[in-house]
Amino acid sequence: MAYDIIMRDVTFAYAGSKKPALAEIDLKIKSGEKVLISGHAGAGKSTLCYCMNGLVPHFFPGELTGEILVSDLETRRHSISALSQIVGLLFDNPVSQLLCPTVEDEVAFGPENYGLPPEEIRSRVKRYISSVRLEGYEARNPYSLSGGEQQECAVAAVLAMEPKVLVLDEPTSCLDPLGTNQVLSTIRELSSQEGHTLIIVENKVEDILPWVDRFIVMKEGKIALDGKPSEVLDMAETMTKAGIRLPQVSELFHMLRNRGYRISKIPISLEEALTELESLFHRMRLQKTKPPGRLQKIRHLEMREKNVIEVEDLWYVYPSGTTALKGISLTIAEGENVAIIGQNGSGKSTLVKHFVGLLRPTHGKVLVYGADITKSTPSDLARYVGLCFQNPEHQLFAPTVRKELEFGPQNLGVPREEIESRIEQALTSVGLDQKILSQSPHDMSLAEKRRIAVASILMMKPKIFVVDEPTTGQDPHSSREIMKLLMKLNEEGMTIIVITHDLQLVAEYIYRSIVLRDGKVLLDALTSVAFSHSATLRETSLQPPQITRIGQLLRNYGLPEDILTVDEMYRFMDAELRG
Amino acid sequence: MSWDYIPRDTFVHRMHPLTKLMYAFTMMMLIISFDDPLLLFVVWMISISLYVLAKLPRKNIFGVFKIFIAMTPLYLIFGFLFYGRPPGSSFLFYVVPMYEWFPVTLEGIVWTMGALLKLYVLVSSIRILTFVTPITSFIRAGAKLKMPPFVTIAFSIGLAGVPVATSQYYAIRDAQRARGLKFETRNPKKLIFNVLIPMLLPQIICSMRRSIDMAKALEARGFGYGMRKRTYMREIDLRLSDYLFLTAFTIVVLLSIFIGSWGFGYGSYKFTVNLIKSMVR
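In the order they appear, the protein sequences are chains A and B. Residue numbers for the first sequence follow this note's numbering, so the first one is 1 and each next one is one higher. Residue numbers for the second sequence follow this note's numbering, so the first one is 580 and each next one is one higher.
Read the hints as simulated data drawn from the structure, not as lab findings. One or more hints might be untrue.
Taking lysine-lysine and the BS3-like style, the derived pairs with C-alpha atoms no more than 25 Å apart in a straight line are [claimed, not checked]:
1. A:Lys365 to B:Lys761
2. B:Lys795 to A:Lys164
3. B:Lys761 to A:Lys463
4. A:Lys222 to A:Lys204
5. B:Lys761 to A:Lys375
6. B:Lys808 to A:Lys126
7. B:Lys808 to A:Lys164
8. B:Lys795 to A:Lys18
9. A:Lys449 to B:Lys761
10. A:Lys488 to A:Lys241
11. A:Lys403 to B:Lys769
12. A:Lys484 to A:Lys463
13. A:Lys126 to B:Lys723
14. B:Lys769 to A:Lys461
15. B:Lys761 to A:Lys403
16. A:Lys449 to B:Lys795
17. A:Lys403 to B:Lys768
18. A:Lys461 to B:Lys761
19. A:Lys222 to B:Lys795
20. A:Lys28 to A:Lys164
The structure displayed is predicted, hence computed values, not measured ones.
Chain B with its partners taken away, still in its complex shape (with noise of 0.2 Å):
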């Protein structure tokens, strides 16, 4: 995943990098406390709203839905196998009916629509953050909630090196195989000192060589040269509107906790099993 921030001026880009956080937060506790496939979707809905109040291009928001794609298929057959059929379940047909292989029921499909709408929940949200929060954000944040100056540079170092680190592997990778190196092999002992080795140890010494001229280039900056004295170019505060979402997400996790741990029935996949069934009825 790669940090594409799209600037926009809209209430969700102007919202504290922390209160973004808070949000994806929230949508997590939220997943992690119910798995009612109905009121996961409304969950759903509501951040994929956040993506058209973003006025997020298309072309992201198609980005986000091939993940899902691809994700499903998968998933669902999975979701079916790891159900099974337990008793008092409302079986409905077997995926191989010559074997009796693979039964579906009633309860696995509502199980598992939960369990998929968890997950485009919490890719939905937390792929939502890199695109309405440039990087420095957090780190600016960081340095807001004083966390120490050299732990936010060394991840503001660690994600401005992704790319770096990216293009050197695909150099290492084109350079071994125009020596031949074939990566398709069954053999543990050739994986390890034919494959893996001419890929791996290329790559750990130009990291360490980068690193020793960052790290000499850190020193030239001036890094280090009165750590509690640094200042930082823009310094972001909480505003109201700030303040109201952070209650209103903390009242939410509170209440996702509250009802996940001691049910009451809501929340759980059951009650739309139980809905379809008196539905049927």
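Same shape as in the complex, but just chain A (with noise of 0.2 Å):
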């Protein structure tokens, strides 16, 4: 059996650090294999990838003991260079591993750089360029393209070395649902037709699991489950507690056969549930003819008193001429929660910053609470609406929690003492204990910058809270915890705006919807009424959680089409089953 990738007995920390960042990891990945890897932050997936190209340990020095072979080459004994004509790696950030200033020069680059001739460089420049459907795109500059275009600007790069075996670690964390499909069905597409071997690190494995051979689950530097994929995700516990989102068919199966239905196999994709449903309705005799049946939970719109942002009639353009809203034109009352849901490009972060004042219409009124914005500044927009952008670290300056912490409610004028008092009360707000007051904001993980930035901006007391994508690049743990936080904050009275690509999250924790489609409003509805015009979703390549699917795709035995959660999908079931 010839493997690519040989791991024994592998432990590696970091210079600096005692706690290993992968420990006794033993792994052979066999050639032309296709292996999964997910795990929680911190789970030691981006050091296993490191250290099959060797970034480990020649980039980032520890100590390492065990024994690393990439194609029989000890990684030690070897540059990455050298390494890298075998291992191809990819970045999660497309941003950070551009290059060049035109795509070609971007594919042309590790070609280039291994001293091919001019000939053959151009030609594996045309091949992979489109491989990856970029043609027409050639003399672009990366950074100019979509985010899932700029990635498989990335993967054409990685592929032009014609390595071996290729290592994406997390290539969709910072993609919209549009990018993710693109760059998703442009690596099956070539690694079944390459015949590469294959390594994915990614936490979202509803659409990977069902066409890899191999599922790895990573637990606190150590390999927690190994086997095929439905083997793994029998282990439903064991992946939980590894802070791994199941499918939701998968968690749907589990939780019916926990319940005593007789399930034979747990399914990995919407199609396998679908056939087990349909079998296990039959053998249960449910009938096909059912009309459609509705939610019993009721889900009503209450009449709010209080309009606390009124958008009219908006229209924004950009300094460079791209009108990025048309014609925009909603209410959101005191106490909603709200998603703004869209692919990148639709306009959703550029209507949220005309909340705060960032950016002031072309055309069309904004009001916060009656005001219009063009007579405030976003200095006195602050005070009433609080927004907290993607990138924690584009905010945090300050050498300690507290300075930072104080220095919205500073600029407000908020007097010393007020400050004071409103300092433990942020850091209860989002779980964070006082002891951190006296540290670096910059020496902690992303998911505890993300709550001291989001403390920041509840320093100022907002009413209405916008944050822009929360959980990009968390995992799904941390994802679902900063979305507790805001629903806790919403039950507090706080308006709460959420911008976000996760219509999984959406689902379970948000009552109104959104759609912007190329800076206008798709859809504006209850979430469960928007998730149920999945057509019109589609328009925008988004498409409904896979839970709410199966109830639109088996209607016909009497499923709603307006189910949100895999609990609600369970209940309803159990229900129906048992007559």
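Join the two chains into one complex using the hints; note that each chain is given alone, in its own frame.
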């Protein structure tokens, strides 16, 4: 049996860290195998990838024990550039790995480094640009492409080195749903055509599990589970403990099995789930002709008294001439929780920047608590609207958490004693301990930085809290923690507006969804209603969560089309099946 | 200034980057050596004619003219003020006659026109380089001139990263403004601690993080594998027309140094001043 990667009892601790990032890893990956690796933040997934192309220990020094062989080359004895000919590594953030001024140069960069003849480089560039469907973009600056296209350009750049093994470290974590689909379909297509050994690190497992050969779950630097996807999915409890979100269909079948239903196999994909469910319904004699059911849970739009945000025929044109918003009209009432969803470039961030006065309408009106934003400064509006940006590192600057928290209220002229009293409250709201006040925010994990960023906005006591992409780059556990925090604030009376690409989280937590497409409102309804319009969502390449799609596809069996969570579906099915 | 290359098939585009750089250098030597507005006007017209020969879209040509229009009033005012009223100059009028402030002389107007045209020539001859030459051609030309790969690559990465650095700056600015940061302050202490530090530190931290990520990406893409054996997808060579232009530009540069240094009365703004005076008489 030929193995491309062999790791024998590998333990690695980064220089300056006592805790090993990887511990006692024994792993063999066969030639041509397609492997998916998942795990919580800090589980060691990226470190494992870095070991495969020599970044560990050559670029990231530390204490490495054990043996790592890449196509029989001992990684310690070979340079990264030599190993990169065998192992191509794609990183999570496309922006950080694009190095050249044009797409063509980007793809040529690797082969040029290896001193290949110019004709060979040109032929590879043409071939791989075409393989990721970027023909016509050769002379474009990679940074001017969409997120999905940027990552595809990076994929082409890695492929152009013609490595035997492709290692993709969270290739879709920074992408919108359209970019994610684009990149995953490219990777899937290429890996089957070219026969590469493929190792994908990803926490969004739903779309990848159906076509990989092997699934590895990591926990605290160790391999917790390793096997065929169906075998690993059988171990739901271990997976959940490792911070992995099971595909919704698998979760549903686990619940049904635990309830005593005869389930032969835990499905991996939606298609498998549909077949299994039809067979279950047949066994349980559930009639196919039954009219579509309605969810028993009452979800009605409460009539709110006060509109806190009113947007009237809002147009916004950037100085470059791009029209980002095209006549948006909407209102948001006090105490609502609202998701704004849509692809990158649909106008989500442009819209919310108006709420805090960072942008002024080109045409139309935006009122916050009845006041026209054009008559206020962002500093005035910050008392009412808190806007927390996607990347916490864009706002954190102070030497200590305390100073970071004090910054906002100081800008607003809040008295010293009042600031002091707000600190404890803000920290408690985000679940952080007062002990961290004297620590530097820059030394903390991304999840902690995100919490500090949220706390720093809460310090200004806004009545409306807008969060831009709170879950990007976070593992499923951290994402849920952030959403729970936002819902807690909502229960306390704060109006919450969330921009997100994670429709599963929207389904689970958010009451109302506004779908934007090309600067216009495509849908504005209760989340359950919005997600039942699958055809309209498809227009903007969005797909409701798996569980909602099951309800829609099996509506002939009486399943409701507006189910949003696994729990709702399980309870509905259980009630139906038990008569 | 962005690097907005506009692909076209014209002889201006086809020129070797080295020839184009030599053209810009020649223009600079002309504006250093001469200050006669008539001569500089001719030079400026030559530089503008290249925009037409390169078949550049009107909006790009207008974009360059917008720069000229924006600069002109300020430049004229400062030109007149700076020239003043030296002895022997032909006084025309005061800008503020009541207090006899800001005298305007014939020499001042001609000299300022010359200075303004120098700026026009500078802007138009450098700006066109970005329109007619992809940045990669300059990098390849650098490689051809045996510049070390790490220099050309560093240059390439630096230029390619400009849009990222710009968007990072705006993201940081918006994040801080959303926390009530006001940029308008005359207090230097507040400016440093309340404005500059919140703006600069995240910029530095994000840039450092990005540079580590880029270093990782460079390593993973084989950079440093065999620097001396590094090849380039396209290598560009000088053609006969390039040699001819390079020779012509070299002659013009030498002539401009010669005439500019030893004068002979040519190329000086005084030539135009005397011409106007003789016409008035």
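Status of the hints after comparison with the structure:
{"no.": "1", "hint": "A:Lys365 to B:Lys761", "result": "holds (24 Å)"}
{"no.": "2", "hint": "B:Lys795 to A:Lys164", "result": "holds (20 Å)"}
{"no.": "3", "hint": "B:Lys761 to A:Lys463", "result": "holds (21 Å)"}
{"no.": "4", "hint": "A:Lys222 to A:Lys204", "result": "holds (20 Å)"}
{"no.": "5", "hint": "B:Lys761 to A:Lys375", "result": "holds (16 Å)"}
{"no.": "6", "hint": "B:Lys808 to A:Lys126", "result": "holds (22 Å)"}
{"no.": "7", "hint": "B:Lys808 to A:Lys164", "result": "holds (23 Å)"}
{"no.": "8", "hint": "B:Lys795 to A:Lys18", "result": "holds (23 Å)"}
{"no.": "9", "hint": "A:Lys449 to B:Lys761", "result": "holds (24 Å)"}
{"no.": "10", "hint": "A:Lys488 to A:Lys241", "result": "holds (24 Å)"}
{"no.": "11", "hint": "A:Lys403 to B:Lys769", "result": "holds (15 Å)"}
{"no.": "12", "hint": "A:Lys484 to A:Lys463", "result": "holds (18 Å)"}
{"no.": "13", "hint": "A:Lys126 to B:Lys723", "result": "holds (23 Å)"}
{"no.": "14", "hint": "B:Lys769 to A:Lys461", "result": "holds (24 Å)"}
{"no.": "15", "hint": "B:Lys761 to A:Lys403", "result": "holds (17 Å)"}
{"no.": "16", "hint": "A:Lys449 to B:Lys795", "result": "holds (23 Å)"}
{"no.": "17", "hint": "A:Lys403 to B:Lys768", "result": "holds (17 Å)"}
{"no.": "18", "hint": "A:Lys461 to B:Lys761", "result": "holds (18 Å)"}
{"no.": "19", "hint": "A:Lys222 to B:Lys795", "result": "holds (24 Å)"}
{"no.": "20", "hint": "A:Lys28 to A:Lys164", "result": "holds (15 Å)"}
In summary, the structure agrees with every hint in the numbered list given earlier.
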